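Visitor: Keeping their order, the protein sequence lines are chains A and B. So for the first sequence, our numbering puts the first residue at 1; every next one is plus one. So for the second sequence, our numbering puts the first residue at 1; every next one is plus one.
No lab work stands behind these hints, which were simulated from the structure alone. In this text the structure is predicted, and so the values were computed from the model without any measurement. Check the hints yourself; a few may be wrong.
[As the list claims (entries may be wrong)] What the simulated footprint calls covered on chain A by chain B, stretch by stretch (three residues with Cβ under 8 Å from a Cβ of chain B suffice, anywhere in the stretch; the number is not a length): (1) 276 to 286; (2) 312 to 323.
[Unchecked claim] The following residues of chain B were derived to be distant from chain A, with all beta-carbon distances above 12 Å: (3) Ala159; (4) Gly170; (5) Cys289; (6) Leu293.
Quick reminder that beta carbons are idealized off the backbone N, C-alpha and C, glycines included.
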Amino acid sequence: MGETTLIRNARWWRTGERIDLAFSDGRVLAGLPPSPDRLLDAGGAVLSPGLVDVHVHLREPGQGHKETIETGTRAAAAGGFTAVACMPNTEPPLDRREWIEWVLTRARDAGSARVHPMGAVTVGQRGERLTEFLALRDAGAVALSDDGKPIASAAMMRRALEYARDAGLPIVCHEEDPTLSAGGQMNEGPTATRLGLRGIPGAAESTMVRRDVELAALSAGRLHLAHLSCLESLEALRDAKRRGLAVTGETCPHYWTLTDEAVGDYDTHARMNPPLRSARDREAVLQAIADGTIDCLATDHAPHAADEKDQPFDRAPFGIVGLETALALTLTFLVEPGHLSLARAIELWTEAPRRIFGLPEVSLAPGTPADLVLFDPGAEWTVEPGRFRSRGRNTPFGGWTLRGRILLTVCGGEVTFGGDGLEVASTGDGRDRAAVAPPVEHHA
Amino acid sequence: MSRESILDILDRAEHYRSAWKLGRRTSRELEDVEVGNAFFEDSTRTRISFELAERRLGARVVSFTSDGSSISKGETLLDTLQTVAAMGVALIVVRHGSAGSPGYLARHLDAGVINAGDGEHEHPTQGLLDLLTLRDAWRGRFEGRRIAIVGDIAHSRVARSAIFGLRTLGAEVTIAGPATLMPREGELSAAVAPTVEEALQGADAVMALRLQRERMDEASVPSTREYARVWGLNAERVELMTAEGVVLHPGPMNRGVEITSEVADGSRSVVLDQVENGVAVRCAVLARCAEALGRC
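Please model the complete structure; the sequences and the hints are all you need to start from.
Guide: See below:
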């Protein structure tokens, strides 16, 4: 047996029970070693399976000046994530198995988290011809998406949903009617009018959600709705569920924390697509998270170089980084005000997305991979973009004081983030070992 | 911009205008000051108006557009203007298609920045010349006066600046136009009238906005014919205003579309006063900015 690590005095995420957990050789141990090589005292912090973010732009290949697989997964680890699903809108787009393989190889060599690439739905993400879904799947793609671009043709979308059934993969949709959003720079509303910026109405999203829900019904395909931002889209998702369709949806931290007023005086750090919406939409997002309409959370981590964002508003690219603030924004704005229990919030960042994307389960049961995060939900910290691991510093949350600090992230038994200050000397006589047996969860 | 700043600019502009009437067409407020006119969007009247104002104040003037500049070679807006500022140009007059770009440039440049129109956001010197024109027409009183602004409010920087200035000085604003070209109720601090007739009824002034060709291409308006019939200013409609009600237009005019020639050239029209006031207001703005920079 290799080096053993024992984490003691943690609280289990689901129940709040005291838990001690040991791992070695990348896997969780059944018992607790009397003399671990490394003993970490969690000090009552919460232990959960590693988080997963199913909407991340790692920017490689082709846009390494914005982010790389190395920096992006370091940011993931700093945010408590042990796995990310990365979007295929790279240069070139991930529309061939060779590119999927390249990403996976690069992630194995330089990654601090497990990387699950998504393949493009159409060649070049041009919306004209389907990619080889089965080849992409066999190479390791976990879903298909033309994220960043809507699939404008309903016929193409129908075929994609049908053909994806054979591959057993969900189609992940960035819902936007390009004719309704044309020229749009931010949410349509009073702030856009004041600033003289063209608006993107919520209907640009919700009309496409409605269309694709109907196409999911027609094709019996699996549809996952990315980064939902407005009330009408959430109602459409609710309706789809009522009809028993295989439709799921995600939303992102910025949609439950901010409104379009955050654009203020042309702040490009509040510029993303879909855009920040009205207070009414923000309320609807909170409601949909609380009532279970939203199936999982994701960040839409979209790093850009500083000089790309430092431009007149309509010239700057859409997108903000999210990996390093996601959990704290969840704890501070969903759990603390009582919209969600801690257990449900963590479920939305762990089990729920893993289920939708068919990712390997992470239960922390004995013998399973040691992919875990330890966090102090009450610890305050101030967001300092300059200290991000991500190459992107484009966040609207700079200077915000949030609660919820990641203490340790472990992926495959390797510490990928933190751990400083947790280590205590092992007495070696077993007195520092667990007072309580680890709860072994039996997952359905 | 505060009420005090607006009134200061209007007073200075009046001073220039009076001096010109006495034949003193030049002064030296901007002597030895280099001013750059950076127009990244087509403009004839605003650019000429600024250039005249600069020369009348004794400035040394360099003008460039995106075509003849390194912007067309791929250089960014900021790099281009940083270069200009580094050469010692103290004041840069900018027209650019991006809303908010003057504020962005002001934060980055070691030079004063004057907004000559930013996208669909604001056109402050146009707003100021409208205010000066109305102050004359309204004999100095804005409170209790009402102006109707008719046309493409949603995409108009002229309308935004006019509404802001008029509200700041205490006048009421009614806006009217096709539903496709109007902001939502309450988004700008102006009342919305359902018809041009209702907007004009009892108004003390009306401003017709230029109808851009693009509005037909993007299906906001079916035709200039229909627009002229429903929203155009004609002799009959302008008579709905008070006896002293005046007609403004920021130019260039589409005669026969948003305004008939009869109205444009009629006794109520103050369109040419606007043009003259434009130079005066720009002199005032340039002089104020130069003062703020400590250049004179």
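Visitor: A separate judgement is required for each hint: does it hold in the structure or not?
Guide: Evaluation of the provided hints:
1. Judged by the Cβ-Cβ criterion of 8 Å, the segment 276 to 286 of chain A is not covered by chain B as claimed, because only 0 of its residues qualify and three are needed.
2. Residues of the segment 312 to 323 of chain A lying with their CB closer than 8 Å to a CB of chain B number 4, which satisfies the three-residue condition for coverage.
3. With a cut of 12 Å on Cβ distances, Ala159 of chain B falls inside the contact zone with chain A, its closest approach being about 10 Å.
4. Listed as outside the interface, Gly170 of chain B is consistent with that label: its C-beta sits roughly 20 Å from the nearest C-beta of chain A, beyond the 12 Å cut-off.
5. The Cβ of Cys289 of chain B lies farther than 12 Å from every Cβ of chain A, with a closest approach of about 20 Å, so its non-interface assignment holds.
6. For Leu293 of chain B, the condition that its CB be more than 12 Å from all CB atoms of chain A holds, with the nearest at approximately 22 Å.
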